[in-house]
Amino acid sequence: MLIEIIDVLISGLINGSVYALMAVGLTLIYGVSKAFNFAYGSFYSMGGYIAFLLFGTALINNYLLVFCLAVPLLLLFGFFIEKLLVAPLRKRDDWEIKVMMITLGLALFLDNSFQVVFGSRMKSLPSLLEGSFEAGEFIIVYQDVAIFIFSIGGILLFRWFLNNTRTGMSVRAVAQNPAGAQIVGIPKEFVFAATFAISTVMVGMGGILLAQKYFITPTGGWDILVKAWVITAFGGMGSIKGSLYAAFIVGLLEAFVGWYFGMTWTLIALFAVLLTTLAVRPQGLMGKWG
Amino acid sequence: MIKVEGLNAYYDDFHVLKDVCLNVEKGQVVVMLGPNGHGKSTLLKSVCGLVDRITGSISYNGENIAGLKAEKLVNQGITYIAENRELFGEMTVLENLKLGAYSRSARPFEKKNLEKVFSMFPRLKDRRPQLASTLSGGEARMLAIARGLMSNASFLAIDEPSLGLQPNLRDEVANIIRQINSQGMTILVVEQNIPQIIELADTIYVMEEGQISFEGSREDALSNDHLKEIFLGM
Chain A
0 MLIEIIDVLI SGLINGSVYA LMAVGLTLIY GVSKAFNFAY GSFYSMGGYI
50 AFLLFGTALI NNYLLVFCLA VPLLLLFGFF IEKLLVAPLR KRDDWEIKVM
100 MITLGLALFL DNSFQVVFGS RMKSLPSLLE GSFEAGEFII VYQDVAIFIF
150 SIGGILLFRW FLNNTRTGMS VRAVAQNPAG AQIVGIPKEF VFAATFAIST
200 VMVGMGGILL AQKYFITPTG GWDILVKAWV ITAFGGMGSI KGSLYAAFIV
250 GLLEAFVGWY FGMTWTLIAL FAVLLTTLAV RPQGLMGKWG
Chain B
0 MIKVEGLNAY YDDFHVLKDV CLNVEKGQVV VMLGPNGHGK STLLKSVCGL
50 VDRITGSISY NGENIAGLKA EKLVNQGITY IAENRELFGE MTVLENLKLG
100 AYSRSARPFE KKNLEKVFSM FPRLKDRRPQ LASTLSGGEA RMLAIARGLM
150 SNASFLAIDE PSLGLQPNLR DEVANIIRQI NSQGMTILVV EQNIPQIIEL
200 ADTIYVMEEG QISFEGSRED ALSNDHLKEI FLGM
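Top to bottom, those sequences are chains A and B. Under numbering that gives the first Met the number 0, read the first sequence as residues 0 to 289, first letter to last. Under numbering that gives the first Met the number 0, read the second sequence as residues 0 to 233, first letter to last.
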């Protein structure tokens, strides 16, 4: 029993760490540009498919290479999607709604493209690390440890970027005070696109990390979009700290509910928590609406 | 240095500035007076590339800059200091100052300018690690001015520096403006609550209902009874 609980706890923490990476990306776009990206889940699947393609080429056989190639690909993809689809809408009235619509369209387009190109059968990725540590009944799989380290590493790297680089500081500046950012000469349009690109990398990396455990499917991103959205709303839209806490709460909740009541109950439990939180604190754990 | 001719500015469909002409020579302090809500801030923002819809011409050292955005103009040495300060509240004083030196042309001078503003505003030096949102009104005003100076500008448009400032700090603001002007900074300032700033003025303009209703030297303005009564409170 105790061992089982520890297993569930570990699994919750590992999923929580990947959720944190992805939810921080989603809340970042909202915090900086007030846009909500409905294609976020499809970017998750795309990360998985990019890794799948890279592994399919004969030259690439380890994750280090995959990451080195996938990160710039995702970065470029995110940047150009923002420039081509989202940026032109910003000049119009009600652009937030229009961004939701166009990213929803993009999500459907991407998912169907995945279906056509890769077929509807699940794809899997090799393990990041083989083997496991065993002590009696207690087993910890190295792959899980690696996923955890990469997710937390990604978040720390992102934090470092925000606090210590000029571009990172300009991202925070635009999020805190767009008018002030304009006054000091920060190119807002570039910051919007850069933010979108960074968030694409974060969710795409999440896709690569989780695909080792949960496979890649053309429509698998929706589940992730829903979870990332629940986490951001739960933590407070636009609050990075809130998303971090919320991601781990959601990861653990999911693990324990799944273990105790069965997997079918996990989404119901998530929404119950979300709705209760929003009823009591509409701004989420740490955020502010509007 | 700055020459504005036939400038019109709009917010949505609202016609704010109507055929405004203005001239600021290098090294001058030009003071803009006028009732609130009549377009003074809009004029400053238009010159600094912060208003989207403008027509007419604005030239800077002979080059037409009308329509260029702030991100370009800050790089060329034109900086706006906002009346409501527009600081980054969740960042430290030091981070705010560093962001003041965001533009490419200011980066090489970041260290030098940081020393300069710290010697001008010793209190900001003490408050370096503090979040900007925790500063007092006066300190926040100083930070807004200091952040503007970090841009290594040669032209500053300062919008109502006395707003939200205790009367005893007005002297300090006037001194700062005198000091940076004596170091060669060209300044266009909207301010009518600090007589010491008006004393620094080479030229005074009055804006009413989006139009320039008076232009002249400080002496002309002071001998104009209408102006004296309405704007200078004397």
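No lab work stands behind these hints: they were computed from the structure. Idealized CB from N, CA, C, for every residue including glycine. Mixed in with the good hints there might be a few duds.
To be verified - Between beta-carbon pairs, the in silico distance windows are: (1) A:Ala-271 - B:His-14: 39 to 45 Å; (2) A:Ala-178 - B:Asp-12: 55 to 61 Å; (3) B:Arg-52 - A:Cys-67: 41 to 47 Å; (4) A:Leu-266 - B:Lys-110: 39 to 45 Å; (5) B:Arg-52 - A:Phe-108: 44 to 50 Å; (6) B:Ser-216 - A:Arg-158: 26 to 32 Å; (7) A:Met-100 - B:Asn-63: 37 to 43 Å; (8) B:Glu-207 - A:Leu-274: 37 to 43 Å; (9) A:Leu-103 - B:Tyr-9: 29 to 35 Å.
Unchecked claim - Which residues of chain B face chain A? A few of them, derived with a C-beta cut under 7 Å, are: (10) Val-73; (11) Gly-76; (12) Glu-82; (13) Gly-215.
Which earlier hints turn out false for this structure, listed by number in ascending order?
Result: hints 1, 2, 4, 5, 6, 8, 11, 12, 13 break, sorted rising.
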